[in-house]
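Peer 1: Here's the letter readout for the chains.
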Amino acid sequence: MAALGLDATRLKALLRTRARLTLRQFLRERGRIVGLLLSLFLFVPLILGAAVGTAIGYFTLPDPWPAQLLGIVLVALWLAWIALPLVAFNLNEGMDLTRLLVYPIARRDLVAAMILGTLFDYPTYFMLPLFLAILVGWGGTVALPVVLLALLLGYGQMIFSSQLLLAAAGGILSSRRFRDVAIILTALLGSSCYLLQQAAAELFSRYISPEQLQTLRPLLLLQWLPPGAAARAIERATAGAWPAALVWLLYATVWTLLLGWIWWRLTLRLVTGGGFLLNLPARSPRPRAAAAEPAEHPGRRPFAWLPADVAALSKKELQTAWRTPRRRVALLQGLFMPLALAGFVLFSGGIPDAFPPWLGLTLPFYALFSTWMIAQNSLGWEGQGLSTLLLTPVPRARICRAKGLALGILGLLPILPLGVVMLVLVPSTFTIAGLLAAFAAVLVALGVTGVASVLFPFPVRLEGARTQTRTGGGCVSGLANGLLVPAAVGILSFPLILPLGLSYWFELPALSLAGSALGILYGLALFWFGTGWAGRLLQQREPEVIEATRLPDEE
Amino acid sequence: MAIPAVETIGLTRRFGDKVAVDSLDLQVAEGEFFGFLGPNGAGKSTTINMLVGLLRPTAGRALINGIDIWQNPLPAKQQLGVLPEGLKLYERLSAKEFIAFAGTMYGLGETEVRDRTAELLALMDLEEDADKLIVDYSTGMRKKTALAAALIHAPRVLFLDEPFEGIDAISGRAIRNVLQQLRQKGTTIFFSSHILEVVERLCTRVGVIAEGRLVAAGTIPELRELAHAGEATTLEDLFLEAVGAREDAFEGGLSWLR
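For the record, the sequence lines run as chains A and B. Read in the working numbering, the first sequence has 475 at position 475, and its numbers run on one by one without any break. Read in the working numbering, the second sequence has 83 at position 83, and its numbers run on one by one without any break.
Next comes chain A alone, as it looks inside the complex:
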């Protein structure tokens, strides 16, 4: 290290602190460990598959495609690395150089600590298999030193670029407005993957012919980007064109140094009070006269027919559900079902001649599922506000019923368009009965989830990154919410489902309508009983519910 001019003692201290902070993030929030395991479970097969696939591609694809693939992989990794802070702005505080610049640490030590510190970020390990595949695919020749150097440059470019983005636009990335939009867009993009994939395949097959595909040379463009230059250097070196390889290496080095220099200047600007380079435009303050408008009585307009406290509670529930990005995502995802159904019809070559007549009878199942998703852990979704709510003298059953009312409206939101789509596709008595039974199913699910929210609450990080939804709550609440509650919802919905099944089996549409109408009464009774019971339980367990919904860092 001394040969590189690095201070080993300081570097060790920096890396030790980084490791300690990373470890504590996991130990303090056990939910992160679950998140890590889940992402390992989901992504490791994908990454390994991609690594093996690209390695095979480097060996077996006809020329010039191995080099094109190499360029695409390096540029894609670079873009993914840059995009990571955009979708999950969650800086490890050990990585935050602005905290370190008050100490007399040399610049090279800081940069070395930052680069080596990325080894403590687990997303780094998602990238390494693809780097290893490049090494396997391209390193088995005399070009190995160039390959190694190019990969190091590529790695440095990725880290500098993402750090540069953070230093330039951290103000935007950490702003509540940007985070809200990022959470919603990322989740919706994830949900619409199927539709996007179908649309892309359709466009690709329509506008790009196999002949055009054969003449494509993406590396000719990508080579001008930082990691593209590294890819071109590898390709030239493997072809034995050493001078050209050195030129491209030099070009990649210039890029790396330039990115590093810009990042350093922006970081210095940040710590010396210059602020972030890019910021969201500040909202102009409202003039005093306008702000002095009298406050609207909460809950008056949409719920004028309800007692004032119930109306205010329901309105508050709807407002916070819409304004909290994660809850909004859940609502919007619910509306995706009708879109997905329409998309399926569209991309599979138009409306089929006949849909199965039982299609409308699936509506209650969808209602049960979507309401369970929206209404489970409804007290946990109160966040910090729960303490405020429980300081008030409002009878607890009223609180539970008001929440149920609002969640019922939200539960019905996706059902109505889906019901309309189904009525268009399958206009029959069974579809109408299915829609009525769906209303009843919403009520049943609300009754059950109301009680479960008091018995098995868990904390939710309302303002965190998208990847950290559930934060603790313990095994019992996890099992109860994952197994017991859906089972209870299923069992208690049996009186709704049975008449539908029987009427379809014996071809008695009138029975399905009568059964669904009675089902609504049954649902109303269950809702009233469930929310009343939840209120009594809540009054007995208030401190315990507050404790169970408290985030680890609020303790």
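Derived from the structure by calculation, the hints contain no laboratory data. Virtual Cβ for every residue (Gly too), placed ideally from N, Cα, C. Treat the hints with care, since some could be wrong.
Stated by the list, open to error - So, partial list: chain B residues that the calculated Cβ filter (under 7 angstroms) puts toward chain A: (1) 74; (2) 101; (3) 135.
Claimed, not checked - Per the computed footprint, the stretches of chain A lying under chain B, defined by three or more beta-carbons under 8 angstroms from a beta-carbon of chain B, are: (4) 319-333; (5) 535-546.
Fit chain B to the supplied structure of chain A, relying on the hints for placement.
Peer 2: This is chain B only, laid out in the frame that chain A set:
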């Protein structure tokens, strides 16, 4: 004898082996401005949380105007206004919405909610930001919002946990004036703070808690008398004496600075 506005009888809270509050017996008369002092971790917030129904006591009773808050929570809570230690707000409501929501929860009518919300926003100098979401507020603005929500229904008993922390001097003055006004109207104020000058200026009586036990209680002259101290003795001196802080603890200073 009049019923105390706030009373604890053998109030105890244990967290595992640690006794956070140990058999606390305390009475605060109606209309008193009671300062509740103690070093960090002494049990102040734990006591307040048990008194307002947010933390279940391990033993003992907590009464608000004679009503046991753990036996009969809703009537007791109807009389309370609380500014809790951690500010527990609905982050995705605006200050205007939040204050009006709190007013409705305490049963105020439509006109009262509207007028009082506007007045509180003006008092707390939050008018310009009244429609911004609380999640975008600074600590001081959040504190003022929480305080406004605690005041909207003119509570009979007001619990304030560190109300002046993070508040600027202008708002601080306005809040002090409101608290004085409340006291004149007979509101009992249970006030916890580390800023002893404010406590000395505002409070009619003071209680000092250390390691979960009440170690001193009385008016400031009474505390001086108990400590055999003169007129010039400040509340800070009395507080340090009551909690047993050793004045000579760091007499030598830091070893490497000697």
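Peer 1: State the violated hints by number, sorted upward, taking the hints as numbered earlier in the document.
Peer 2: When the structure is compared with the hints, none of them turns out to be violated.
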